[in-house]
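Chains as they are written, first to last, in the numbering used here: chain A, 1 to 460; chain B, 1 to 460.
Worth double-checking, as some hints may not be accurate.
Treat identical chains as interchangeable: a pair holds within one or across any two.
As the list claims (entries may be wrong) - Pairs of lysine-lysine residues, derived as DSBU-like cross-links and limited to a Cα-Cα distance of at most 30 angstroms, are as follows:
#  : residue 1 : residue 2
1  : Lys338    : Lys72
2  : Lys338    : Lys122
3  : Lys212    : Lys338
4  : Lys449    : Lys338
5  : Lys212    : Lys122
6  : Lys449    : Lys212
7  : Lys72     : Lys122
8  : Lys72     : Lys449
9  : Lys122    : Lys449
10 : Lys72     : Lys212
In case anyone wonders, no lab produced these hints; they're calculated from the structure.
There are 2 protein chains.
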Amino acid sequence: MAQRLIVIGGDAAGMSAASQARRRRGRDDLEIVVFERGHFTSYSACGIPYWISGLVPGPEQLIIRAPETFRKDFAMDVRIRHEVTAIDLERREVVARDLDHGGEVRERFDDLMYAAGAVPVKPPWASTDADGVFGMQTLDDGSALRDWLVTEPVPRRAVVIGGGYIGVEIAEALIERGLSVTLVEQADQPMSTVDGDMAELVADAMRGLGIKIRTGLRVTGLEQRDGRVSAVVTAEGPIPTDVVVLGLGVRPNASLAEAAGLPIGPTGGIRVDRRMRVPGLPGIWAAGDCVETLHRVSLMPVHVPLGTHANKQGRVAGINIGGGYATFTGVIGTAVTKVCDLEVGRTGLRERDATAAGFDFVSVVAESTTRAGYYPGARAMTVKLIAERPSGRLLGAQIVGWSEAAKRIDTLAVALWNGMTVDDMTALDLGYAPPYSPVWDPVLIAARKAVDALAAVDDR
Amino acid sequence: MAQRLIVIGGDAAGMSAASQARRRRGRDDLEIVVFERGHFTSYSACGIPYWISGLVPGPEQLIIRAPETFRKDFAMDVRIRHEVTAIDLERREVVARDLDHGGEVRERFDDLMYAAGAVPVKPPWASTDADGVFGMQTLDDGSALRDWLVTEPVPRRAVVIGGGYIGVEIAEALIERGLSVTLVEQADQPMSTVDGDMAELVADAMRGLGIKIRTGLRVTGLEQRDGRVSAVVTAEGPIPTDVVVLGLGVRPNASLAEAAGLPIGPTGGIRVDRRMRVPGLPGIWAAGDCVETLHRVSLMPVHVPLGTHANKQGRVAGINIGGGYATFTGVIGTAVTKVCDLEVGRTGLRERDATAAGFDFVSVVAESTTRAGYYPGARAMTVKLIAERPSGRLLGAQIVGWSEAAKRIDTLAVALWNGMTVDDMTALDLGYAPPYSPVWDPVLIAARKAVDALAAVDDR
Numbered sequence: 001m002a003q004r005l006i007v008i009g010g011d012a013a014g015m016s017a018a019s020q021a022r023r024r025r026g027r028d029d030l031e032i033v034v035f036e037r038g039h040f041t042s043y044s045a046c047g048i049p050y051w052i053s054g055l056v057p058g059p060e061q062l063i064i065r066a067p068e069t070f071r072k073d074f075a076m077d078v079r080i081r082h083e084v085t086a087i088d089l090e091r092r093e094v095v096a097r098d099l100d101h102g103g104e105v106r107e108r109f110d111d112l113m114y115a116a117g118a119v120p121v122k123p124p125w126a127s128t129d130a131d132g133v134f135g136m137q138t139l140d141d142g143s144a145l146r147d148w149l150v151t152e153p154v155p156r157r158a159v160v161i162g163g164g165y166i167g168v169e170i171a172e173a174l175i176e177r178g179l180s181v182t183l184v185e186q187a188d189q190p191m192s193t194v195d196g197d198m199a200e201l202v203a204d205a206m207r208g209l210g211i212k213i214r215t216g217l218r219v220t221g222l223e224q225r226d227g228r229v230s231a232v233v234t235a236e237g238p239i240p241t242d243v244v245v246l247g248l249g250v251r252p253n254a255s256l257a258e259a260a261g262l263p264i265g266p267t268g269g270i271r272v273d274r275r276m277r278v279p280g281l282p283g284i285w286a287a288g289d290c291v292e293t294l295h296r297v298s299l300m301p302v303h304v305p306l307g308t309h310a311n312k313q314g315r316v317a318g319i320n321i322g323g324g325y326a327t328f329t330g331v332i333g334t335a336v337t338k339v340c341d342l343e344v345g346r347t348g349l350r351e352r353d354a355t356a357a358g359f360d361f362v363s364v365v366a367e368s369t370t371r372a373g374y375y376p377g378a379r380a381m382t383v384k385l386i387a388e389r390p391s392g393r394l395l396g397a398q399i400v401g402w403s404e405a406a407k408r409i410d411t412l413a414v415a416l417w418n419g420m421t422v423d424d425m426t427a428l429d430l431g432y433a434p435p436y437s438p439v440w441d442p443v444l445i446a447a448r449k450a451v452d453a454l455a456a457v458d459d460r
Numbered sequence: 001m002a003q004r005l006i007v008i009g010g011d012a013a014g015m016s017a018a019s020q021a022r023r024r025r026g027r028d029d030l031e032i033v034v035f036e037r038g039h040f041t042s043y044s045a046c047g048i049p050y051w052i053s054g055l056v057p058g059p060e061q062l063i064i065r066a067p068e069t070f071r072k073d074f075a076m077d078v079r080i081r082h083e084v085t086a087i088d089l090e091r092r093e094v095v096a097r098d099l100d101h102g103g104e105v106r107e108r109f110d111d112l113m114y115a116a117g118a119v120p121v122k123p124p125w126a127s128t129d130a131d132g133v134f135g136m137q138t139l140d141d142g143s144a145l146r147d148w149l150v151t152e153p154v155p156r157r158a159v160v161i162g163g164g165y166i167g168v169e170i171a172e173a174l175i176e177r178g179l180s181v182t183l184v185e186q187a188d189q190p191m192s193t194v195d196g197d198m199a200e201l202v203a204d205a206m207r208g209l210g211i212k213i214r215t216g217l218r219v220t221g222l223e224q225r226d227g228r229v230s231a232v233v234t235a236e237g238p239i240p241t242d243v244v245v246l247g248l249g250v251r252p253n254a255s256l257a258e259a260a261g262l263p264i265g266p267t268g269g270i271r272v273d274r275r276m277r278v279p280g281l282p283g284i285w286a287a288g289d290c291v292e293t294l295h296r297v298s299l300m301p302v303h304v305p306l307g308t309h310a311n312k313q314g315r316v317a318g319i320n321i322g323g324g325y326a327t328f329t330g331v332i333g334t335a336v337t338k339v340c341d342l343e344v345g346r347t348g349l350r351e352r353d354a355t356a357a358g359f360d361f362v363s364v365v366a367e368s369t370t371r372a373g374y375y376p377g378a379r380a381m382t383v384k385l386i387a388e389r390p391s392g393r394l395l396g397a398q399i400v401g402w403s404e405a406a407k408r409i410d411t412l413a414v415a416l417w418n419g420m421t422v423d424d425m426t427a428l429d430l431g432y433a434p435p436y437s438p439v440w441d442p443v444l445i446a447a448r449k450a451v452d453a454l455a456a457v458d459d460r
């Protein structure tokens, strides 16, 4: 008799795992049942802001594989609009509710893949029955916002609460659709994913686009009129608006797992080992936005909800479920984003992270250009490096620049991944031609500056 | 009394060395005399094709620092149009000829920095007194070609001989200026700096631009009429033309060094140690296009004449001359170029290099896109990886793609530099956002494919 894998959550991590398991084990060997609460499987949540802005025409573009594809081509029993409500580890069963037609099913499993993703952080004041308030996490969320933007009376003003990646991207999308947009951020700056000096460059670019930025401002409530949101209430008074988007981040969707007895780590994410097994529970796997992982530089557990990790972790879990061997050995916090024409990349630790992790370090900021200065289209590009002292080991890097800047963070990410020192890095053989960099690549210029900074500290 | 450093060659390597030495040793401690045969110091030879095409308006843009700047700001005795004709290691003197005013000077040195660069490869048939035949190595070469292109009767047809970086870039520059251009290459393909399958993509792009490509064709002579070049004679008959550009590569300009007794390696370049000292000759240094260096993957000496290496090597030599400690530990053959809108990057070994170096290997080619497939402006991008078997160590990588592709070679270059295996690489934490890559970065897709290829070979 075939063994049975049940997958909870049919997005990046869950479907990567299921696909890899199927690749190694045929339908006679492994039955695969997927429960997905929403309408979609395997889509690009990161693309939602570009659908809102109109840059991407429809949600179809964001769907990588539809449920029907998984059913037909991968022989999986994919049940959308089914929410798993309980996991019984003893009897090795899950209970799932059919959200559209009612009723419950119980299904047994041999292996269980928990990939329930993340849920938006939603403070008490955000609970409202008013129309016009949106999270921005699922394709269904995006769909709801799209509809609202063309509902009479058509919204003209928007408030985005939270200045992380999603908040910033949605603010830009709404400005591109012609709304008047205010971004409210409780901290001193939006885009705190990079250090303050770099974040200020991003804030400047956003203001240049016409986005109003209100920082250091706490939201305390929402006002409504005729069932529609009408204002965001803050410590400094109400901000009138026709639509509110919440971009306050997400937390692991692990409550069901916790209730079933899966171990939860300090970040709120499920604990897993390098093969994505839940420790102490044979046959139970977890991956994606619901788990915590190791930061390879701070050596501390972190929760980094990104599609790229979810896919890798799901793949690793699926290879292992399929009988192979694969490991996921942590992250270094690499991320890139585009804000207007400004590009922002980061990897490793920010200054505050390095301090929190107990590192002594120097940091340097180097100004350069994306191409040889004389080559048409050369744009300013700022590279920041953070290096441990006295060892010189790279701890973190950030890039802010215009076109052709952000993806260069990968060069630094690979250097960081391999534990290179900034002195090592000055020797790196990077590609040079006038359309791509000055003869001293911006990465090399920054590394040289860091070497000098380390020497200067030593001389003191 | 101050010691004296004499620098032979006032371009990238020589002036980097001189600047670094000056930074550490003041004028009372170290006198610096630079002899430069040409009119210029410290310019970007790599920018010459863009000046020819008109993309860069004038040669001034290509000059990084003029002789006057070095004299004034760096207290150096810079003598342009002075050719060193002899080195006397015994008496520690050089003899230099004033090319404009005649006469010779003898100057003593304590340290000698040999940075005479490279000279174009020029077969016997290329020696001609006809006008309209150009090398393309110095700013003076570029200047001569620029003048010729506006000399009546204005040239309409051009033949570029040699399909390396310079040949390809000049062919494009001339097509952009409206000439009818034929590229003649003795090998099967132009752009043999990448493997044949990748080079074919480049050849297609060049043909798309209207460049006629004649491969497998040997040039045997040049014809002239009224003192002007009129045809390139080949094994398949003459190709009529009004201008000929030679792009047959360069060799180390080491004859003077060899005559003086400096050791020459198998590539024809001067041998140096990791501090850029000439072995066995205290106080004698060499750097730049005239030296050979270690290829960190093949572990064989190579001659890679590139400004980026010349600058790094010069810097290392200058730090050491200045009393500091720095090393240059070899290259991995990273290079990028732009051919029309096509971008080409490479690092490490090509298949033929890997075979020559005795490696067993697999190679894979992965097709992907520069951005998420649904994001506007996503373009095709091809990544080729060569990995040692059975170890899986990355030996080489090549990228051909449209915008935003080539510089990604740096990610692979840093992985290669650190000796990563393709299996290690599948775990790399690279930046992901829809404007920059699919959720599986092209580099990761290629690494996964290489892992599969290694497993498939093992299964055989």
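Going down the list of hints, with the structure as the test:
1. Within a single copy, Lys338 and Lys72 get their C-alpha atoms no closer than 37 angstroms, and across copies no closer than 44 angstroms, so neither meets the 30 angstroms cut-off.
2. Taking the shortest Cα distances, Lys338 and Lys122 sit within 30 angstroms of each other inside one copy (25 angstroms), while across copies they are farther apart (49 angstroms).
3. Proximity of Lys212 and Lys338 under a CA criterion of 30 angstroms is satisfied intra-copy only: 18 angstroms inside one chain copy versus 40 angstroms between copies.
4. In this homomeric assembly, Lys449 and Lys338 come within 30 angstroms of each other (Cα to Cα) both inside a single copy, at 26 angstroms, and across copies, at 29 angstroms.
5. For the identical chains of this complex, Lys212 and Lys122 are intra-copy neighbours only, at 23 angstroms inside a copy versus 63 angstroms across copies, given an alpha-carbon limit of 30 angstroms.
6. For a Cα distance limit of 30 angstroms, the shortest separation of Lys449 from Lys212 qualifies neither inside one copy, at 35 angstroms, nor across copies, at 46 angstroms.
7. For a Cα distance limit of 30 angstroms, the shortest separation of Lys72 from Lys122 qualifies neither inside one copy, at 38 angstroms, nor across copies, at 64 angstroms.
8. In the homo-oligomer, the alpha carbons of Lys72 and Lys449 lie at most 30 angstroms apart only across protomers (25 angstroms), although the nearest pairing inside one protomer, at 56 angstroms, exceeds that limit.
9. Taking the closest pair of Cα atoms, Lys122 and Lys449 never come within 30 angstroms of each other, the shortest separation being 43 angstroms inside a single copy and 41 angstroms across copies.
10. In this homomeric assembly, Lys72 and Lys212 never come within 30 angstroms of each other (Cα to Cα): the closest approach is 49 angstroms inside a single copy and 49 angstroms across copies.
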